[in-house]
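Guided by the hints, dock chain B onto chain A, whose structure is given.
Protein chains in written order, with the working numbering: chain A, 0 to 567; chain B, 36 to 340.
Calculated directly from the structure, the hints in this document are not laboratory data.
Keep in mind that a hint or two might mislead.
Stated by the list, open to error - Using 30 Å as the maximum straight-line C-alpha spacing, the simulated DSSO-like pairs for lysine-lysine come out as follows:
#1 K63/B - K352/A
#2 K361/A - K63/B
#3 K275/B - K363/A
#4 K90/B - K350/A
Note that the structure is predicted; figures quoted are calculated from it, not measured.
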Amino acid sequence: MVSLETEHENDYIKRIKEQFKDKIIGIRKLYDDQWLIITEKDYLRDVVRYLADINSSTEIHIATMVGSDERPIRGKMSVTFWMNVIESGSSSFVGIRAYLDEDDLEYESIAQDLPGADWYEREIHEMLGITPRNHPNLKRLILPDDWPEGAYPLRKDFNYSESPAKFPGYSFTYKDSSCAIVPLGPYHISLDEPAHFRLYVKGEEIIGCDYKGFYSHRGIEKLAESRLTYEQVNFIAERICGICGYTHSTAYCQAMERIAGIEVPERAEYIRTLLLEIERIHSHLLWLGIASHLVGLESGFMDAWRIRERIMWLAERLTGNRKTYGMNLIGGVRRDLLDYRKDLVMKTIEKVKEEYTQFVEKLKSNRSFIRRCEDIGVLPYDKARAYGVLGPTGRGSGRKIDTRKDHPYASYKDVDFNIPLYKDGDVLSRALVRIEEVLESIWIIEQLIDSMPGGDIIAEYTEIPQFSEGLGYTEAPRGENVHYVMTGEKNVVYRFRVRAPTYANLQAVPKMLSGYTIADAPLIIASIDPCYSCTERVTIIDVKSGKRRTLSEDEFNMLSIKASRRRS
Amino acid sequence: MITEVITIIISILLITIFSVILEGIRSKVKALLQMREGGEITHEIYDLFSLLSMKGVLPTRTSLIHVLTPYMTFSLSVALGLSVPFGLMSVMGGDILVVILVVLAVAFIASVPSMVISNIYANIGASREVILVSTGLMPLVVACSSFVIKFGTLSIVDIAKSITLSLSDIMAICVIGYAVYVLSEFTPFDISRSETEIINGVLSEYGGRLLGLMEWSLYIRRFSLIMFFSTFLAAPLIGKIFGFSSILSHFLTLLLQIVFVVSYYMIASMVEERHARARVDHVIRLNGVFVLVGLISVVLSLIGM
Numbered sequence: 000m001v002s003l004e005t006e007h008e009n010d011y012i013k014r015i016k017e018q019f020k021d022k023i024i025g026i027r028k029l030y031d032d033q034w035l036i037i038t039e040k041d042y043l044r045d046v047v048r049y050l051a052d053i054n055s056s057t058e059i060h061i062a063t064m065v066g067s068d069e070r071p072i073r074g075k076m077s078v079t080f081w082m083n084v085i086e087s088g089s090s091s092f093v094g095i096r097a098y099l100d101e102d103d104l105e106y107e108s109i110a111q112d113l114p115g116a117d118w119y120e121r122e123i124h125e126m127l128g129i130t131p132r133n134h135p136n137l138k139r140l141i142l143p144d145d146w147p148e149g150a151y152p153l154r155k156d157f158n159y160s161e162s163p164a165k166f167p168g169y170s171f172t173y174k175d176s177s178c179a180i181v182p183l184g185p186y187h188i189s190l191d192e193p194a195h196f197r198l199y200v201k202g203e204e205i206i207g208c209d210y211k212g213f214y215s216h217r218g219i220e221k222l223a224e225s226r227l228t229y230e231q232v233n234f235i236a237e238r239i240c241g242i243c244g245y246t247h248s249t250a251y252c253q254a255m256e257r258i259a260g261i262e263v264p265e266r267a268e269y270i271r272t273l274l275l276e277i278e279r280i281h282s283h284l285l286w287l288g289i290a291s292h293l294v295g296l297e298s299g300f301m302d303a304w305r306i307r308e309r310i311m312w313l314a315e316r317l318t319g320n321r322k323t324y325g326m327n328l329i330g331g332v333r334r335d336l337l338d339y340r341k342d343l344v345m346k347t348i349e350k351v352k353e354e355y356t357q358f359v360e361k362l363k364s365n366r367s368f369i370r371r372c373e374d375i376g377v378l379p380y381d382k383a384r385a386y387g388v389l390g391p392t393g394r395g396s397g398r399k400i401d402t403r404k405d406h407p408y409a410s411y412k413d414v415d416f417n418i419p420l421y422k423d424g425d426v427l428s429r430a431l432v433r434i435e436e437v438l439e440s441i442w443i444i445e446q447l448i449d450s451m452p453g454g455d456i457i458a459e460y461t462e463i464p465q466f467s468e469g470l471g472y473t474e475a476p477r478g479e480n481v482h483y484v485m486t487g488e489k490n491v492v493y494r495f496r497v498r499a500p501t502y503a504n505l506q507a508v509p510k511m512l513s514g515y516t517i518a519d520a521p522l523i524i525a526s527i528d529p530c531y532s533c534t535e536r537v538t539i540i541d542v543k544s545g546k547r548r549t550l551s552e553d554e555f556n557m558l559s560i561k562a563s564r565r566r567s
Numbered sequence: 036m037i038t039e040v041i042t043i044i045i046s047i048l049l050i051t052i053f054s055v056i057l058e059g060i061r062s063k064v065k066a067l068l069q070m071r072e073g074g075e076i077t078h079e080i081y082d083l084f085s086l087l088s089m090k091g092v093l094p095t096r097t098s099l100i101h102v103l104t105p106y107m108t109f110s111l112s113v114a115l116g117l118s119v120p121f122g123l124m125s126v127m128g129g130d131i132l133v134v135i136l137v138v139l140a141v142a143f144i145a146s147v148p149s150m151v152i153s154n155i156y157a158n159i160g161a162s163r164e165v166i167l168v169s170t171g172l173m174p175l176v177v178a179c180s181s182f183v184i185k186f187g188t189l190s191i192v193d194i195a196k197s198i199t200l201s202l203s204d205i206m207a208i209c210v211i212g213y214a215v216y217v218l219s220e221f222t223p224f225d226i227s228r229s230e231t232e233i234i235n236g237v238l239s240e241y242g243g244r245l246l247g248l249m250e251w252s253l254y255i256r257r258f259s260l261i262m263f264f265s266t267f268l269a270a271p272l273i274g275k276i277f278g279f280s281s282i283l284s285h286f287l288t289l290l291l292q293i294v295f296v297v298s299y300y301m302i303a304s305m306v307e308e309r310h311a312r313a314r315v316d317h318v319i320r321l322n323g324v325f326v327l328v329g330l331i332s333v334v335l336s337l338i339g340m
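This is chain B alone, in the form it adopts within the complex:
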């Protein structure tokens, strides 16, 4: 019971606060790579706090959906965070299908106001968001299918406990790592919020508190997806050494997950530094390639490799 309560408290803190600090780490790494000093890693918290303390700015012809969407997106993003495992347990079940559906729901709900408003940049942003998420989820779904077929379970923790160094598992993990990068909308996949092309796209009609909530939702979504991915790396490693039954292995898994998440953000910063933004057609093509790789891993898992 105590373990569960502590895990819930830690997971809520990680989802809400640490996800924002990670953005600061990402900015800091980018600054260092660009030979700049950059801001403090807590700077993103300050920025977010500033936005949240402002009055929300709404478009001239606004509807209720415009006001509600940031709150709904935020709630769903937190739900996504609670759906992924922290250590060897998950607050909300830890089912792969739930994660996939919530990712899809967040993207669609965040896009709806941008679809209905009379702003061509928001419209394009919404269209790109839907394309990005729907094509980016395909490799994730295929790679997860490989695990589900092989291990006969939908539970993320159970899958993570069963992962071995087989070819199909390694390929599936690589595909999931890629899909998580795409869905996190790091450069070159930041097409739906591209500032220089479509003036922030889906965010272009938001300002103040509502913009802050939308930004925060994105940070949480990123963190949750990377945490989800890190489960597949951390759990097998800890399990091999300490087994899966002790409290120690639970917290060590959580610790190792956090290490992997921080590392993922740092690697993502480096990848972002080396890449220009892709076009929609580039994204679709690349996602298609990774769907193929995922399908190969499915075939390999079917033949037991």
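Here chain A stands alone, though its shape is the one from the complex:
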């Protein structure tokens, strides 16, 4: 099926080969920084554990985990743990895969060793019916509470429009009758999207926490695999998030470009980088405003959002949308950055920099704000590593990881920037990382405008190979964002798997909450900058009525116009 590749192997691949010898069925180099190791399912846990512990000084975490129903093409299902092995100059994604026969869909759970694998394994258990044996917490994660057992929506024989019968029930793990329960969510003013943090408290102190989420599960992966073409998936990918949508479409495009071997023009790469950094600035400013609001510092909220408005305006001038939607295409970007816009960008950025510097000085000198953020929600380095916590949350706990440096994509190899790093692991550290990242992003934009190359903005391509696979990755404002794509027949994706950073970060939140107070809870939850929509991306089914209806384009447009009129 696959060969044992020997050339250009990195050190880790060699060591895995030596350690497991004939238990490794195949090794394949997919792309420069992507390797795939195929092993027997009985050794999957051992190989993943070996790689995760291979070097304590190297940052290694589960970048994503993909379960795939490959019965129509291989007669088996597959489970792949994609590990991000970060080393200066030679970082790579290593996929460790096992194929499972249909009549024995079990393997030994990785979550026993790596808590960061918990959600991934629960997800494939629900969505594909693959069972991680001896999983420490194999309860429902994504599907609605009334979804029946035995209906697996991501299997290929499950139609996207099916609506199975309902059975009620959900049980929480943490049970302590001596505690009072504070139900933070599903609808709570400090949560910008539905999520349920069940806090177990004594007095105001939080003793334990259970999380139930995935209320905004939209079925994007199933939709991509069922109804959309390669190009259309790009536009649904950016709707995964209302804040960092551009980073999702970029990750998807990069995965497709890698699979198809498309050389994206340099100018398009620069424009993508510019928009990614604009997105990072407005996302971080949004967070700073929300953090201020949560602790009652309204001036901080107003200042942050006023500055953010300049960035939103700039995004609209550059892309036609306040959000940077509709700019990416497989092979490049849709709109060029006209020369007269460069002045506009520089002037806006200059103004933002000036106002932002004043705002940050004011915020940092505000003792009451600092006191609310300091020494709360502490996530020490070892826990952050075990959970594979990413982005500013990981960097606030001392994890030196940033996909822009570790796996340079777009034009990040051409620009100079620092990665802010703090080690205290508290809310303040996460805030400081974001505060400094905004200034780094401004610096990156200045460099991009100065050295913007000429040329085309999109590459032509003719064919995308069938049943090829690859990862696309970006550093979203909340951390590493990974899209796995396996191409299929007739211009349709066979398997699309999105792992947004919040998916990894959110798992660590219950640990961050324990020992702190109810007053701290909203801020601790917000400190990871959770994006529930990003995390909850997967199957469209109207469970209430069982009916389905597709709007025509005209109907859709009419509804949009009506909604706009109501707002105005």
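Just chain B now, with coordinates in the frame of chain A:
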């Protein structure tokens, strides 16, 4: 007689209407500090009128106490307002002990329904309200003790007339100013009604007219406490220039009190703008510090400083 009638009419208007306008001024100042235009200063009156014209919304398992509490809280808040001096007279005696007891009573009565209802956010809000008021009253009680020991009277007006520029008096006034800020529940002390943490806490189960009454009670309580504090500033100043016996000095004191109250609200808006909400443990610690300062003022007054 005419002076008394006019004072009573003015005090009722100030307690019921001006206390709401002051909230509008506070919002306007905050908006300007945030570089926003903000609403009109009468906007709070409009909001309150809207709430009062709505039907009261009650929780599913409600009791009579839930319905009665907003009316009782409102009545007690008005009583608090009438207990503090307007000018050099007080409608209801103007005794320091009465003021302290009514403040305590308002807080406890406002918290009772939230303690008995099955809503964890209301329960936490009630618990925080009791902690805030009981620890916030401590510095007030200690600072007032300093005056009572020194001047041998419980009458607010008599104390205000006797205040000098001595160290103990200045310290006691500062402590009272702080305690009034805490008990008025301005940020960072708005812990019992924190929206983002406990969904308005003690108010979370109220809606419509009953919510309006609870809000109005808070406005009146704030205004009354600040009026109480301003007496200690206005009366000595006017007394020094015009004496205490004339009608003119009475009305000038009232006018100066109002100026101080408006100034206090504006300063409070600025302080609110610079502060994040405190946690319960922060509040207890800070109140403890001011109790100590109050105790020092007591010691100083005992040794005649």
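Going back to the hint list, which numbers does this structure go against?
Hints 3, 4 contradicted; others consistent.
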